[in-house]
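A.B. asks: Position chain E relative to chain F; hints supplied.
Residue numbers (this note's numbering), protein chains in the order written: chain F, 1 to 265; chain E, 266 to 830.
Please keep in mind that the hints were generated in silico from the structure rather than gathered at the bench.
Beta carbons: idealized from backbone N, C-alpha and C, even for Gly.
Careful: at least some of the hints might be erroneous.
[Unchecked claim] Facing chain F, from chain E, some residues (calculated, C-beta under 10 Å):
#, residue
1, A644
2, A648
3, N659
[As the list claims (entries may be wrong)] Coverage of chain E stretches by chain F, computed from C-beta distances (three or more under 8 Å per stretch; other residues unrestricted):
#, stretch
4, 477 to 490
5, 680 to 688
6, 720 to 729
Each chain, written out:
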Amino acid sequence: MGASSFSAGRADSALARVDARVKVLLLLAYTAVLFWDPHPTVVAASFALLALCIRAAGLRARAVAATAKPVAVILAFTLCANLVSCDGTAPVRVLGAVGVDLARGARGLMAVMRIVLLIGFSLTVSASTTPVELGDAVVRLMRPLGRVGVPVPQIGSMLSIALRFIPVVADEFQRIQRAQRARGVRFDEGPLRVRIGRWAAVLTPLIVALFRRADRLADSMAARCYADGSRCQVPSRSLGPRDRVVLGMGIALCVALVLCSRFAL
Amino acid sequence: MIELERACRVYADGTHALRGLSFRVKPGEIVGLIGPNGSGKSSCARLLCAMDLANDGRVVIDGIDPADDERARLAVRERVAFVQQDPVDQIVSTVVFDEVAFGPRNLGLNESAVAHRVTDALRAVELSGFEGRDVNGLSGGEQQRLALASALAMRPRYVVLDEVTSMLDSAARPSFRELVADLAAGGTGVVMVTHDVAEMVMCDSLVALRDGCSAWEGDLGDLARGDDGLWDDCVVSTRYSNALRAVLRAGIDLGACRTPESLARALYGLSRGSGARLGDLVPRLLDGCGFAASSSSVASESASAPRLSSGIVARSVSFSYDEGDPACPTALCGVDLEAPAGCVTLLAGRSGSGKTTLAHLACGLLAPCAGALSIDGGAPDPARCALSFQRPENQLFLDTVYDELAFAPRNLGWDEARVAASVDRVSDLLGIESSWFERSPFELSGGQARRVGLGCVLALDAPAYILDEPTAGLDAAGRRMVRALARVLARGGRAVMVISHDLDEWAPVTDRVALMRDGRVCWQGPASELAARPGCFDAAGIEPPESARLVRALESLRGGGADGC
Chain F
1 MGASSFSAGR
11 ADSALARVDA
21 RVKVLLLLAY
31 TAVLFWDPHP
41 TVVAASFALL
51 ALCIRAAGLR
61 ARAVAATAKP
71 VAVILAFTLC
81 ANLVSCDGTA
91 PVRVLGAVGV
101 DLARGARGLM
111 AVMRIVLLIG
121 FSLTVSASTT
131 PVELGDAVVR
141 LMRPLGRVGV
151 PVPQIGSMLS
161 IALRFIPVVA
171 DEFQRIQRAQ
181 RARGVRFDEG
191 PLRVRIGRWA
201 AVLTPLIVAL
211 FRRADRLADS
221 MAARCYADGS
231 RCQVPSRSLG
241 PRDRVVLGMG
251 IALCVALVLC
261 SRFAL
Chain E
266 MIELERACRV
276 YADGTHALRG
286 LSFRVKPGEI
296 VGLIGPNGSG
306 KSSCARLLCA
316 MDLANDGRVV
326 IDGIDPADDE
336 RARLAVRERV
346 AFVQQDPVDQ
356 IVSTVVFDEV
366 AFGPRNLGLN
376 ESAVAHRVTD
386 ALRAVELSGF
396 EGRDVNGLSG
406 GEQQRLALAS
416 ALAMRPRYVV
426 LDEVTSMLDS
436 AARPSFRELV
446 ADLAAGGTGV
456 VMVTHDVAEM
466 VMCDSLVALR
476 DGCSAWEGDL
486 GDLARGDDGL
496 WDDCVVSTRY
506 SNALRAVLRA
516 GIDLGACRTP
526 ESLARALYGL
536 SRGSGARLGD
546 LVPRLLDGCG
556 FAASSSSVAS
566 ESASAPRLSS
576 GIVARSVSFS
586 YDEGDPACPT
596 ALCGVDLEAP
606 AGCVTLLAGR
616 SGSGKTTLAH
626 LACGLLAPCA
636 GALSIDGGAP
646 DPARCALSFQ
656 RPENQLFLDT
666 VYDELAFAPR
676 NLGWDEARVA
686 ASVDRVSDLL
696 GIESSWFERS
706 PFELSGGQAR
716 RVGLGCVLAL
726 DAPAYILDEP
736 TAGLDAAGRR
746 MVRALARVLA
756 RGGRAVMVIS
766 HDLDEWAPVT
776 DRVALMRDGR
786 VCWQGPASEL
796 AARPGCFDAA
806 GIEPPESARL
816 VRALESLRGG
826 GADGC
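Bound-form chain F, shown alone:
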């Protein structure tokens, strides 16, 4: 069985007790703040806030490091690409046309910091929320859109099935990859083009298997009288006093951060 990122956090953590809708809304609000051209002071303060959230989610340092690992290389590359110039326009020449542009490097650093913050806050939300809570939260938040014809129950069903099958698909992918290794395929050898071709070969049985699964799942749903207009109900639930307080404080903080950036405090 595949493990979700929820297993990285603690189910009894302070953040896990907050309603998922509040966490999703605050994540969206904070994302908007980050794209509002934040002042470096705001970015620095955000890291302190992130450290608090990681602690409140009961996340282990090891889990945070494991999540950061795959993107660290891309972020380092992004930073270098901004810092180093090869067209001879860099103010600080190093070798021939190659030079260093500190101003662009600083801009790159800010972009990287914002991405790291976004990943960090997303991780705290996913680590403190079960997939079911997340799915229900999205359906509840979208419910008003039902009045303008958005098929919210169907979207809820799709989301539920997608969340249900993410670990199944991951397991299937791993099984096919291992089955091909058992037939002598070396995924870690040969030129890049050949290696990409080998990975692509995993997709054929994966897609065939997924279509078969989809057929059987559709049968299982139809056998239980699922048809157009069938309902995927998520019972209504109002926010508790604590969730309202957290939401209010979170939004106030986001506004404060925007104001800080605006007036460069």
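C.D. replies: Just chain E, lined up with the frame of chain F:
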């Protein structure tokens, strides 16, 4: 009542899946659908619960014909529940409560009625208290119970079960069968598609299909007494099934031998009361307390087989999928295991006991955290230890059958002449016809694709082979073919390790058995000693197979001077 009258089903490509099938199912009755792969059993199951409609003839459920309109179709689906083979493919939701509530919510019931149905259904399958559990955290047996609960929450009058126990381990199967028997006792009509003789014994009547037609109808006693080869087409030969057939042929009523223990009493009584053929059967069954019906012949064959390798050897092997995380459970813990060359070794145990992980380590797909494995004296490598995954036909992806068979040898860098020789060798071994070579593997029937899937791995010509559940989903003939293949490989001096839930099925061709539980080998030794150690099944957390129960009951009857035979 479910009534099929000359029902025909033709698929879009013109294939006739069913050709005029007729039978009836009453409430409270268990009807078994049996027959070879491709005979139309699953197509029939889909007609019964209105997943498909008959192209000709009629299917009527309690007077409702699903062909009338969409409303009739939904009414039939509410009355006839459908449970399929793989529980993973039937679960829609991420939480147990929502999963069981899915059907009742589709019926438009209010939340309190839904909750009531969920509670009742979970209680019926003994999953009360599981409401808030994540479905991905359930075992295979629990997931299949959940699938049944989801069907029962519709409050159906009939249940169609399509090989529902085939993916369950031997610990989960007996309790699932009890659930089915309880359902029928409560008045629900049950239609069971099955290859398992232990399930056929439960059935009030059997319908044998062949080429989409009803080849025969009756109970298991009638099937056993027939001489038209239908028994061999439908029933896998094991020590238990052979004994059952002998007793039924001797005229004993099926009701008197539904369990291995009652079968033993019937058998013992018959053997004492007559000097007929049956008289020989009891001594043969008890021969050296052997678990394998032909243990002596298998043993002598293994002794004379050439030893092409030193086999598979594991020494103090431990493994965890996340070594650095103390919360991650240890998949294997200090495993010592030997699968000698020239022998068939059966590796059995409950789902999640570590069998497949051990197989992946033996082939070098994973590296042990501690300990060491050696294959033919060398390090684990796919070329030394070839592994056939479960349902190997699902791994086919190339344009032609030939390319599939040649794929592994080509990856080893063999020249085309050697590749061709390897393809010819496995084709002979598995009965793959050269006319299939240019066909797409996706055009093959289930049995043909399984042969090609196995051939893809055998083409490696390795000194050791591991076959993971190689007979899953196959009919009796297919199972015989795979069992014979394992013996042929062992006779050729290879180490063959078979991973299977079904000890009974593999007992006749097995030299050694290793039982695993919670990542440890809890017993290993010659197959002939297994039945003499009744505690080893308990230690492995599995139910003793029917043959072992039969042998034990016969021994106690012989030792205790059987009375009441």
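A.B. asks: Take the hints in turn and mark each one as holding or not.
C.D. replies: Outcome of the hint check:
no., hint, result
1, A644, "violated, 15 Å"
2, A648, "holds, 7 Å"
3, N659, "holds, 6 Å"
4, 477 to 490, "violated (count 0)"
5, 680 to 688, "violated (count 0)"
6, 720 to 729, "holds (count 3)"
Checked against the numbered hints listed earlier, the structure breaks hints 1, 4 and 5; every other hint is satisfied.
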